[in-house]
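Go ahead and model the full structure; you've got the sequences and the hints to work with.
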Amino acid sequence: GAGVSQSPSNKVTEKGKDVELRCDPISGHTALYWYRQSLGQGLEFLIYFQGNSAPDKSGLPSDRFSAERTGGSVSTLTIQRTQQEDSAVYLCASSITGSYNYGYTFGSGTRLTVV
Amino acid sequence: KNEVEQSPQNLTAQEGEFITINCSYSVGISALHWLQQHPGGGIVSLFMLSSGKKKHGRLIATINIQEKHSSLHITASHPRDSAVYICAVRSGSEKLVFGKGTKLTVNP
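In order, the protein sequences belong to chains A and B. The opening residue of the first sequence carries number 1 in the numbering used here; numbering runs sequentially from there. The opening residue of the second sequence carries number 1 in the numbering used here; numbering runs sequentially from there.
Bear in mind the hints are in silico, worked out from the structure with no lab data behind them. Please note that a few of the clues may not be correct.
As the list claims (entries may be wrong) - Calculated from the model, a selection of chain A residues having no Cβ within reach of chain B, i.e. all distances over 10 Å:
(1) ALA2
(2) GLU14
(3) ASP18
(4) VAL19
(5) SER53
Said to hold, decoys possible - Computed Cβ-Cβ distance ranges for the label pairs, DEER-style:
(6) THR70/A - THR105/B: 38 to 44 Å
(7) SER51/B - GLY51/A: 28 to 34 Å
(8) SER5/A - ARG58/B: 28 to 34 Å
(9) ARG58/B - SER9/A: 26 to 32 Å
(10) PRO8/A - HIS56/B: 29 to 35 Å
(11) GLU17/B - GLY59/A: 35 to 41 Å
(12) GLN66/B - THR13/A: 47 to 53 Å
(13) ARG81/A - ARG80/B: 38 to 44 Å
Note that this is a predicted model, so its numbers are computed, not measured. All C-beta atoms, glycine included, are put in the ideal place defined by N, C-alpha and C.
Below, the structure written as C-alpha cells:
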C-alpha cells in the first residue's frame, strides 16, 4: 500500500482479555518497528523486526506482550491478559532497511483502552 | 536525566513568526530524526540528519555533532504548523529514543 496501515484504529477491551493489533507496512520495507505512547508520556520502543526475525525485543514491557511478523510483511502485536496500564497508542513504523541511512514511515496508530 | 531533552516544552507564536525548537542528547548517535505529530496521533517524519543542515519548504533542521545538539526552525509560521514536534535519536541500535516533544501553537 501507499502507507503503513494499522488496524483497528481504536480498540476498547475489558481488563484480562487478549488483544491483537495489526500493522501492514509499506511493500518492500524490510524493517518494522512497534512503539507505544502512553497518555502524557513520550514514545517508547517495543520491538524491531528485520524481515521475519526480531533482533531487538528489549522494549516489550512484560511476557504478556508478544509480536510476530510473517512473510516479511504484516506484523501482529498481541497483548495477553490486558491491564489498565496497557492503555496507550500503539504505533508501527517501517523503513526500507534497518540501516541508519533510511527514514521511517509511521502508521496512524491503534488507540487501546483497557477498562 | 533523559537521553534526549527538548526545549521548550510548550511554545506559542503568532502567525508569521520564526520558530526554533531545540534538542540536546547525551549519547553518541548515528542519526537524529525530527517528527511531527498532529492532534489525533498520526506521526510524520520531517527530517533525518547525521550531519549539517537540511531544508524542506519552510522547515530547516540543523545538527552539531560535537555539541550533541540539533535545532528545528520554522520560517513564516502558520496555524497549520501547530503540532507536537518530536526529536528522536538512533545510537547504534535500530531503535529510536525519543524526546518528550514540543507542543507548538501558532495563532492567527
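Worksheet item: Which earlier hints can't be squared with this structure?
Response: No numbers; nothing is violated.
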